[in-house]
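Please model the entire structure based on the sequences and the hints provided.
Next come the chains, spelled out residue by residue.
Protein chains: 2
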Amino acid sequence: MKTYTFTKSYEMFEEAKKYVPGGIYGPRSPMFLTYGSYPCFLERGKGSHIWDVDGNEYIDYMCSFGTNILGLGHAEVEEAAAKQAELGNSFTLPSNRWNELAKRLVGLISGMGWTVFSKNGSDVTTYATTVARHFTKKRVIIMANGTYHGSHFWCTHNTNGIPPEYQAFVEYFDYNDVAGLTAMFEKHKEDVAGVILTPYHHPAMGDQVMPADGFYNAVRSLCDKNGSLLIVDDIRCNFRLHLNGSHVYFGAKPDLVTMGKAMANGHPIGACLGTERLKEAASGVFFTGTHYFAAVPMAAALATMDIIEEEGVIEKIAKLGASLRTGILGLAKDAGLSVVYSGPDAIPFMRFENDPVFDVNRLFCGEAAKRGVFLHPHHNWFLSAAHTDADIEKTLEVSREAFAAVGEHLAKKGA
Amino acid sequence: MKTYTFTKSYEMFEEAKKYVPGGIYGPRSPMFLTYGSYPCFLERGKGSHIWDVDGNEYIDYMCSFGTNILGLGHAEVEEAAAKQAELGNSFTLPSNRWNELAKRLVGLISGMGWTVFSKNGSDVTTYATTVARHFTKKRVIIMANGTYHGSHFWCTHNTNGIPPEYQAFVEYFDYNDVAGLTAMFEKHKEDVAGVILTPYHHPAMGDQVMPADGFYNAVRSLCDKNGSLLIVDDIRCNFRLHLNGSHVYFGAKPDLVTMGKAMANGHPIGACLGTERLKEAASGVFFTGTHYFAAVPMAAALATMDIIEEEGVIEKIAKLGASLRTGILGLAKDAGLSVVYSGPDAIPFMRFENDPVFDVNRLFCGEAAKRGVFLHPHHNWFLSAAHTDADIEKTLEVSREAFAAVGEHLAKKGA
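Protein chains in written order, with this note's numbering: chain A, 1 to 415; chain B, 1 to 415.
There's no promise every hint is true.
Repeated chains share a single entry, so a pair holds when one copy, or any two copies, can fit it.
[Said to hold, decoys possible] List time: in silico DMTMM-like cross-link candidates among lysine to aspartate or glutamate, alpha-carbon distance up to 20 Å:
1. Lys46 / Glu57
2. Lys18 / Glu280
3. Lys17 / Glu43
4. Lys18 / Glu276
None of these hints come from the bench; they were simulated from the model.
Structure (structure tokens):
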């Protein structure tokens with residue numbers, strides 16, 4: 001199979017470094033991804049396919065880190081967005097879409113009585129902790145080690161330029177470790193405002209872990225016993241596991257749910273939902289942003305949710321994900337390689353055994369990228385409804401070659 | 001003049017309260033604006049005009065709190081946005097617009113060597129303080145009393161649900177008070193990371209204040225003497241005072257500049273720019289968000305900046321603002337009413353004398369709204385390039401009636 005070159009991408013990356021610190025920041029940087037094995041800039045995309053600035057085509061399993069659940073440039077979503085753009089997007093007051101989206105979301109997400117909208121996921125995870133603190137009049141937020149709840153001060157992992165005081169009252173435990181969580185509640189008796197959890201554990205740089213049997217019941221019971229709240233941060237899983245919220249998929253009973261990513265198929269919007277009893281407290285928390293009220297992403301969200309519901313998207317991507325899992329695991333076995341494949345089929349992650357800093361996975365994913373399949377070596381992947389059986393087939397062909405490259409590399413290393 | 005009714009708006013507001021805490025949050029709430037005198041929801045907008053859900057038409061002097069510098073639905077901006085949307089918006093990697101916008105902004109904004117992009121204004125004011133802290137290895141940020149730099153923990157005015165520790169290392173002084181600022185530097189000797197200022201003082205609920213002669217030189221000199229940085233938060237003034245940044249208009253020499261609001265004429269994007277010497281430190285600060293990389297707002301920003309430059313927008317809105325000021329002040333005088341008109345002509349604010357909680361201004365602005373002119377009783381207004389001489393003329397007709405209503409009210413009250 002012919003492999004790609006990324007000449008223009010890296011020329012542009014050098015140019016980017018002149019104008020932007022590091023050229024590209026965050027997890028989209030080629031320095032973070034795998035320098036040299038990936039493109040740096042994209043020219044266009046459609047459905048499950050993306051084209052880089054060198055003209056190389058890829059099947060995209062990152063879906064913009066989750067947003068494109070229906071694929072890029074989905075006709076009906078873009079039509080709804082364009083129709084609203086004709087009327088107006090950024091208004092001095094909210095638009096007609098405000099009540100429509102609020103009513104739809106509250107009706108859709110199980111157990112929730114109200115909602116607010118924002119731009120970023122971080123906007124709503126931070127808001128959820130603030131509502132929890134204001135409602136409970138307590139201070140401590142407990143989160144799982146290794147979890148990403150956004151880039152705001154209280155939860156960011158890189159603390160350069162952030163005084164330690166800004167991360168006070170945040171405590172950590174290991175996902176699924178009920179004893180550890182219980183101990184943390186005991187340590188902060190009377191002062192735990194809430195526990196924030198992703199529906200299942202999807203850390204950066206690690207295997208994905210499903211909630212253990214009884215975990216959510218134990219968390220709920222600890223929260224109830226201590227007058228604390230449970231926040232489920234559904235931003236990354238949004239609408240890939242259950243139409244009524246990933247907490248339903250896992251049987252969790254949260255007080256607050258945060259959403260984002262896939263909810264408007266790439267249009268910028270986040271949401272926090274809460275139970276009825278928190279509504280008055282929530283109205284006392286300051287929350288605003290110039291673009292929080294923009295109508296186009298709300299129109300796009302309404303269209304996206306309709307399509308997810310009407311077209312059985314959740315079932316479809318689970319099925320595609322199952323084909324991918326079965327195929328990849330079979331190929332790994334054929335190649336005599338030991339891999340760990342974790343997470344739900346719609347949001348999978350694969351790594352190699354005995355590959356603590358993902359060097360082997362970087363090689364595998366880089367070889368896949370050079371052959372037109374965009375995976376990620378240390379962040380979970382995403383399926384979308386735009387992926388096709390042909391995409392999966394091509395992905396498996398490419399994976400076979402990438403596994404072969406890994407086999408050769410390991411053989412050389414062993415020799 | 002026939003006055004408007006807002007039947008459907010308030011029906012919708014009641015419905016909104018079922019699904020959203022308080023119905024509408026932030027400064028767009030009718031509870032905050034003036035309950036009963038304003039619409040609550042908008043149906044559509046074009047240029048400088050907006051239509052509410054009851055079919056009432058307004059000349060909009062809020063421009064979505066600043067974003068719509070060229071007016072709603074500007075043909076060329078929307079064409080650039082639509083063209084990019086065809087290629088893709090929310091990609092797994094940055095698009096071609098990344099370098100184009102970074103290069104353009106760095107070339108345009110005086111003294112700046114690099115930039116980053118975000119969604120919200122708060123994202124970049126927070127980032128600027130973090131870069132300042134990381135670069136200086138100091139902790140204290142000094143800001144002016146009454147200034148709004150966003151809704152994040154460190155600077156928000158409503159602290160419900162926010163532990164006081166999250167606002168540590170933030171100190172306040174009175175805008176223009178060099179002695180007060182000097183004292184604050186002395187109080188935190190060796191520990192001042194930076195001073196953050198809006199280009200001129202535009203507080204909520206107060207007169208706008210221009211920087212005093214020598215103020216910026218004094219600030220610069222204090223910063224230099226103490227190894228601290230000057231951040232100019234240009235989000236609200238963005239491109240309404242000077243094409244190269246409002247700091248040029250006022251002769252300030254910042255280390256960091258934040259932008260947003262008008263930079264993409266309503267498409268969601270914020271930016272922070274910094275001087276070359278801060279670039280390496282900036283690359284060490286974690287900064288990311290799912291939608292920070294979206295290409296459509298970048299395409300819209302490029303088009304917006306081109307139009308502002310080519311069509312002399314800054315001069316145009318200053319001239320329109322001067323007509324508004326002259327007209328309104330003349331009408332106030334004719335009506336025998338004492339008003340205070342403050343700020344630059346492009347971003348004016350008017351209040352009545354002896355009206356400490358803006359009751360009289362609420363009456364005035366409410367009477368104007370009921371006649372088709374959307375002003376704000378306690379937040380500055382915005383001119384746009386879409387406003388016309390006919391808009392100003394109509395605004396003055398309406399203002400004459402609104403002043404008359406105020407005159408009657410005060411006469412009754414006095415009687």
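Status of the hints after comparison with the structure:
no. : hint           : verdict
1   : Lys46 / Glu57  : within (11 Å within a copy, 39 Å between copies)
2   : Lys18 / Glu280 : between (49 Å within a copy, 11 Å between copies)
3   : Lys17 / Glu43  : within (19 Å within a copy, 43 Å between copies)
4   : Lys18 / Glu276 : between (50 Å within a copy, 10 Å between copies)
Violation of the numbered hints given earlier is absent; every hint is satisfied by the structure.
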